[in-house]
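Colleague: The residues making up each chain are set out below.
Protein chains: 4
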Amino acid sequence: MPGNTFGQLFRVTTAGESHGPGNVCIVDGVPPGLALSVDDLKPDLARRRPGQSKVTTQRQEADDPEILSGVFEGKTTGTSIAILIRNQDQRSRDYSDIKDKYRPGHADYTFDAKYGFRDYRGGGRSSARETTVRVAAGAIAKKLLHERHGINIVGYVKQVGELVADITAPELVTLEQVESNIVRCPDPAMAEKMIALIEQMRRERDSIGGAGEIVASHVPPGWGEPVFDKLKADLGKAMFSLPAVMGVEYGAGFGVVTARGSTNNDTFVPASQSEVKTGSANIATDPNRHGGMLGGISSGMPIIMRCAVKPTSSIPQEKPTVDRDGYPTTIATMGRHDPCLLPRFIPMAEAMMAIVLADHMLRHEAQCGTK
Amino acid sequence: MPGNTFGQLFRVTTAGESHGPGNVCIVDGVPPGLALSVDDLKPDLARRRPGQSKVTTQRQEADDPEILSGVFEGKTTGTSIAILIRNQDQRSRDYSDIKDKYRPGHADYTFDAKYGFRDYRGGGRSSARETTVRVAAGAIAKKLLHERHGINIVGYVKQVGELVADITAPELVTLEQVESNIVRCPDPAMAEKMIALIEQMRRERDSIGGAGEIVASHVPPGWGEPVFDKLKADLGKAMFSLPAVMGVEYGAGFGVVTARGSTNNDTFVPASQSEVKTGSANIATDPNRHGGMLGGISSGMPIIMRCAVKPTSSIPQEKPTVDRDGYPTTIATMGRHDPCLLPRFIPMAEAMMAIVLADHMLRHEAQCGTK
Amino acid sequence: MPGNTFGQLFRVTTAGESHGPGNVCIVDGVPPGLALSVDDLKPDLARRRPGQSKVTTQRQEADDPEILSGVFEGKTTGTSIAILIRNQDQRSRDYSDIKDKYRPGHADYTFDAKYGFRDYRGGGRSSARETTVRVAAGAIAKKLLHERHGINIVGYVKQVGELVADITAPELVTLEQVESNIVRCPDPAMAEKMIALIEQMRRERDSIGGAGEIVASHVPPGWGEPVFDKLKADLGKAMFSLPAVMGVEYGAGFGVVTARGSTNNDTFVPASQSEVKTGSANIATDPNRHGGMLGGISSGMPIIMRCAVKPTSSIPQEKPTVDRDGYPTTIATMGRHDPCLLPRFIPMAEAMMAIVLADHMLRHEAQCGTK
Amino acid sequence: MPGNTFGQLFRVTTAGESHGPGNVCIVDGVPPGLALSVDDLKPDLARRRPGQSKVTTQRQEADDPEILSGVFEGKTTGTSIAILIRNQDQRSRDYSDIKDKYRPGHADYTFDAKYGFRDYRGGGRSSARETTVRVAAGAIAKKLLHERHGINIVGYVKQVGELVADITAPELVTLEQVESNIVRCPDPAMAEKMIALIEQMRRERDSIGGAGEIVASHVPPGWGEPVFDKLKADLGKAMFSLPAVMGVEYGAGFGVVTARGSTNNDTFVPASQSEVKTGSANIATDPNRHGGMLGGISSGMPIIMRCAVKPTSSIPQEKPTVDRDGYPTTIATMGRHDPCLLPRFIPMAEAMMAIVLADHMLRHEAQCGTK
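Protein chains in written order, with the working numbering: chain A, 103 to 473; chain B, 103 to 473; chain C, 103 to 473; chain D, 103 to 473.
Mixed in with the good hints, there may be bad ones.
Taking lysine-lysine pairs in the DSS-like style, the calculated list, with each CA pair at most 27 Å apart, reads [said to hold, decoys possible]:
#  : chain 1 : residue 1 : chain 2 : residue 2
1  : B       : K203      : C       : K177
2  : A       : K156      : A       : K144
3  : D       : K177      : D       : K156
4  : C       : K421      : C       : K201
5  : D       : K156      : D       : K421
6  : A       : K144      : A       : K421
7  : D       : K421      : D       : K144
8  : D       : K203      : A       : K177
9  : B       : K177      : B       : K245
10 : A       : K177      : D       : K201
11 : A       : K177      : A       : K144
12 : B       : K177      : C       : K201
13 : D       : K245      : D       : K421
14 : C       : K156      : C       : K421
15 : B       : K201      : C       : K201
16 : A       : K203      : A       : K245
17 : D       : K177      : D       : K245
18 : D       : K421      : D       : K203
19 : B       : K177      : C       : K203
20 : B       : K203      : B       : K295
21 : A       : K201      : D       : K177
22 : C       : K295      : C       : K156
23 : B       : K421      : B       : K245
24 : D       : K177      : A       : K203
Beta-carbon label-pair distances, calculated as ranges [as the list claims (entries may be wrong)]:
#  : chain 1 : residue 1 : chain 2 : residue 2 : range
25 : A       : A148      : C       : G357      : 56 to 64 Å
26 : A       : G135      : B       : E264      : 35 to 43 Å
27 : A       : I284      : B       : S374      : 42 to 50 Å
28 : A       : T270      : B       : I284      : 37 to 45 Å
Rather than coming from a laboratory, the hints here were simulated on the basis of the structure.
Note that the coordinates shown come from a computational prediction; the quantities given were computed from them, not determined experimentally.
Each residue gets a CB set at the ideal place from its N, CA and C atoms; glycine is no exception.
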């Protein structure tokens, strides 16, 4: 099956390239009667948009979405919703310097190896530009989850290089805190340092990696399927499907490698004794090292994931590589690139978490009912 | 869609519980003409088997597979292959002490929350016993990958607690090295220490976490799909679908968080200049921080993944928990459990990697041909 | 995707051949809490069983199902249900006379063309023996549909050769009427004639075609999806997936070819004025030429389908054919075959209708709720 | 899973309504390197277009397709292809006379029953307008099938009312013959009569049903999957997914009901002795009552299907119906409608057959190779 579709019941199919006419998604399975307009899509698109601040790429795209179907009189009809975002900043130029060379860290070589040729005007289908429509689809999922269950999904930058934000209660971080600075880190002091580091990277014609943390609160217990479609598995796939993600963990994550069972197991407690508000469930855990999923099924505790995002591969330094025939050459990836991907990564990761949760909400309720 | 099926073209569907009659898988999509018998399944089942050594659970299961369909005159026919592994060690006992209590770290609570009740005789469907048939299906995938492309998939224990194996060239580790000791660590000195640590855990009625590393060599460049079904995404899902996995990374993994683009990008080089043998491709990278996948598509370099596995939740220590009504109580998970999951985790993770690669081999060749 | 799985949310995966160890199905997605035991499966298996009467094949199979998973303390757990039916009547014999010849009307040639070789001991995977487990899965679907919505699914033989049963109100036909004679025709006078015709066919070493009609009553309005997964489309696929089905129609069917819109359109009427009881809906149609589906979505009126079933291909007459190399030869399909497929076709078709309806029930309720 | 996606490997997802901004499809899985432009899509769109002749609706739509992605330098890239066809003839008018009434034969009532409300400006998602993008997707499939295997797919009007075309060799009918008259019937004498009958229907404010026959030539033997995804099953679903189709048959179809095995079975013969050209296979049948599929797998003989299409439900006669509350009222469906659906049905049915065959080509070759 081709790989441009995600989800079973809340199902997103996408198309589009960085330098083509635009990007499209078809969101299928949205329940009827949800109030929806382009205004619901724009805020997250603005958070993902290039050119939004000095720490992102200076390339400008308006990213105006058009809803082509599935909404009537301001409400979803239950039929498939198509969203089109036209590309605007398609500078026409001479690509002869790069069309036969492989940019390090990019998919140029692997696309050629797969398909025999590629759209060499940029990343083509491998460009992060395809995430525009993911973010639009995610905005629908977020709205659905919030209306049905009061679920909030908030992501933030946890780390840039060696700079680690101090976040004691991930589930209490608010969108307002995240958006209070351009690097999307809710630790204001660390945010200042991160911004400075990113600006330094740009000056040094380099880039820097980082980690994002994404949290979903008020997810009811019981979502996710045993065995293959564990909630952690589908969330893991969703995060790894985003460009530049090299690692994913939830809860204590890689910290469990050195842990013992006697201290790693969270204790079940009456919800009334828990410091974490868990929605409707009457049982909670103390603490939440399990990251909100046990046996791959939601426990009612906040779902907490972290993603490792590599430094932008495109850097304006002359570097060795090979051409299509395998002969050594050099390349410099000029152009306007993000010196750190993290600030714009956050809305993408939130969108993917929202899509997975909306899908599993419908899947759970299809089989087990809405109680 | 229910969650007991994995893969698109090489497709595995499973059923079975820890204390029911047995576990079954149906493997669909296997090309016709592959020589296959139960003898191809037994070696990996023996590596996964409980009771295999002093560092695993002492529970005994023979795990004899029966092929019920899809093989005729010693070859696969192209139709669906059903494999049945009956459960043998189903000790009948009184479950009244645990049926209404939630074991910490287990899926007891989340299953009850999802389905309204559960098979309380053990983990039921959440038990790692379901992985027997995954390992059987994985053995078919491994054989197919090896016959078609000479692909080898080898996993090993990289870390137990603070003990880290010293492995300089993951792609050169052999199955023989891995199987040379009972902890499945190809660093013999560290293997000794790991075994001692695991035995200490059993004496202390505790358990310990660890990390496994899984490597696939000779994967041709071009496998994997852009966007959602990136090879890293499907591999990530596969690993997270295994019990106890809390984190997954590939290549440099979480190490990219502190890296700069100028040093993180691997350099493309002619394959003849690479120290790593890459099968048929004439282009390689130096080094392999990208872990064999760029843009989610295989690069021809070895695919290297690491999984964080939590310490066994079942430990024979009295611990606080709650009952089904949310009232505090205590529980001790007696029985015969693995003090460390890693030695038996390795064949499970290899199986899942093999299933993903077999699926993507067929997917790639369906669209792009076999060249 | 391989073709041994059917359904999205109520999902059936099967394996098994006519002369192998047995047939297996895994039924995934069944809601938890449904009372279920092998006794729920046996009645329909007995209706499908070979050797049940003088008008069917005299081959004997006990068709005893074993439930391997997914049921605990007499109730479905919500996890995947595996059912195994072992083959018993596997006469070992010399196949050299048929292994290299193609039986007319069978899949011998097409399987060889597809896979390069085939299980020549019988139909292998193309044998109608694979429908045993479909019937078992259908029995679960029937029970679910009846418990949730009071839906009844009843099929019967409408025609054998030129003999057409006189059925004025398909939705009023009962299982008891159908089972009152061995040919499964609720018109007793015509049933006698059909039985005589089928016996004549056996004497003449020939076989005869026929038509089955399958009716589902009390299906709520609103099931089915617009566009591709119309209820009529999935029901059509389900029926065509059964061996020997050459045509499918619903409602007025091929009768619409000569009809005018002014008389073909059913009139909407208040349900209170309708002679057909339609469950909970307050709107009905008069008459029901549309066969219970409009725009591919159930209307609340009875769903009525008809299938054309070809005469058994296996007849004990010497006939010309070719061998694997394309050279002319002759073949006679000896053995014990049904002189008319219809009596045993009915439970198969009911099962497929039930599986489709159970799947669309869950799909509809997942998106639109249970109201 | 929502129902706006069709196919596994050649996969079409659609969105759009009759009175919204437009219709979109995303075609995923197309092999790379296929020459493609909008000029490949336009001929079949023109054949489906409203307003094309006096026997179709007089509504005018230009149906200009825009390819938004997946094509670079005139060739498919292997990534998802999005096609947008904007609606032009969206007359704004007062819908108060119809928004609360149910048009007989339409999906107004069933959409309301499913979703709780509907887009009342026309058929919305149930309008045949959604088939524009199916036809565009089908044009890609046709081109792929022809380039790879020389497959031709030709449909024609077989019957309108009582008027039956005389076609002795369906596989020899050419596109030119079909397009030589406006009713798309390759029997010129009967075509004249059909045109006269359809004009009479328009004058009488009525509509008439008919049957279309669709033929695929040069399909290699071996396509289709055993059991559920038989080629006949997927083709049957495809045809039933089209609006107004009430019956589908292939080969001898419903004619088998009265047939005996001794005469119904086709005889296998060396291809050199067959009057039908069958591409590369060296085995043919005489005659072709089996319609090109045995055991649901292509035999190499022409695939021949027939669809029963009901008379247009929309007729400008005042007729009784009910309103949303179930109260009796009357309605006349004014507007510009086809007095017979058949002439425009043909390209839709060809498109669906092409999509199914392209999908099964890839599925077969994925598992069994291209030989």
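Colleague: Hints first: check each against the structure and report whether it holds.
Modeller: Hints versus structure:
1. Simply put, K203 of chain B and K177 of chain C have alpha-carbon atoms about 21 Å apart, close enough for the 27 Å limit, and the pair holds.
2. Annotation: proposed proximity of K156 of chain A to K144 of chain A holds, straight-line Cα distance about 20 Å (limit 27 Å).
3. For a cut-off of 27 Å, the pair hint linking K177 of chain D to K156 of chain D is broken: about 37 Å separates their Cα positions.
4. Between K421 of chain C and K201 of chain C the CA atoms are separated by roughly 16 Å; this keeps the pair inside 27 Å, and the hint holds.
5. Straight-line distance between C-alpha atoms of K156 of chain D and K421 of chain D comes to about 26 Å, which keeps the hinted pair within the 27 Å bound.
6. Under the criterion of a C-alpha separation no larger than 27 Å, the hint pairing K144 of chain A with K421 of chain A is inconsistent with the structure, at around 38 Å.
7. Using a Cα cut-off of 27 Å, the hinted pair K421 of chain D and K144 of chain D is violated, with the two alpha carbons roughly 38 Å apart.
8. For a cut-off of 27 Å, the pair hint linking K203 of chain D to K177 of chain A stands: about 21 Å separates their Cα positions.
9. Only pairs whose Cα atoms come within 27 Å are accepted, and K177 of chain B paired with K245 of chain B is accepted, the gap being roughly 12 Å.
10. For the proposed pair K177 of chain A and K201 of chain D, the alpha carbon gap of about 16 Å is at most 27 Å, so the pair holds.
11. The straight-line distance between the Cα atoms of K177 of chain A and K144 of chain A is roughly 17 Å, inside the 27 Å bound, and the hint therefore holds.
12. Taking the CA atoms of K177 of chain B and K201 of chain C, the gap is near 16 Å; set against the 27 Å cutoff, the hint holds.
13. Proximity of K245 of chain D to K421 of chain D is assessed by CA-CA distance (about 45 Å); at most 27 Å being required, the pair is judged violated.
14. Pair hint K156 of chain C plus K421 of chain C holds up; C-alpha atoms about 26 Å apart against a cutoff of 27 Å.
15. For the given pair, K201 of chain B sits about 56 Å from K201 of chain C by alpha-carbon distance, which is inconsistent with the 27 Å threshold.
16. Taking the CA atoms of K203 of chain A and K245 of chain A, the gap is about 43 Å. The hint is violated against a cut of 27 Å.
17. This hinted pair checks out: K177 of chain D and K245 of chain D have alpha carbons roughly 12 Å apart, not beyond 27 Å.
18. Restraint check: the Cα-Cα separation between K421 of chain D and K203 of chain D comes to about 11 Å, which is no more than 27 Å; the hinted pair holds.
19. For a cut-off of 27 Å, the pair hint linking K177 of chain B to K203 of chain C stands: about 21 Å separates their Cα positions.
20. Restraint check for K203 of chain B and K295 of chain B: the C-alpha separation of about 36 Å exceeds 27 Å, so the hint is violated.
21. A distance of roughly 16 Å separates the Cα atoms of K201 of chain A and K177 of chain D; the hinted pair therefore holds under the 27 Å criterion.
22. Of the supplied pair hints, the one linking K295 of chain C and K156 of chain C holds, its CA atoms being roughly 14 Å apart against a limit of 27 Å.
23. Using a Cα cut-off of 27 Å, the hinted pair K421 of chain B and K245 of chain B is violated, with the two alpha carbons roughly 45 Å apart.
24. Annotation: proposed proximity of K177 of chain D to K203 of chain A holds, straight-line Cα distance about 21 Å (limit 27 Å).
25. Restraint check, A148 of chain A to G357 of chain C: a C-beta distance of roughly 58 Å satisfies the suggested window 56 to 64 Å.
26. Between G135 of chain A and E264 of chain B the beta carbon distance is about 55 Å. The supplied range of 35 to 43 Å is therefore violated.
27. In this structure the hint that I284 of chain A and S374 of chain B lie 42 to 50 Å apart at CB holds, the actual value being about 46 Å.
28. Distance hint check for T270 of chain A and I284 of chain B: the Cβ-Cβ separation is about 42 Å, which falls inside the suggested range of 37 to 45 Å.
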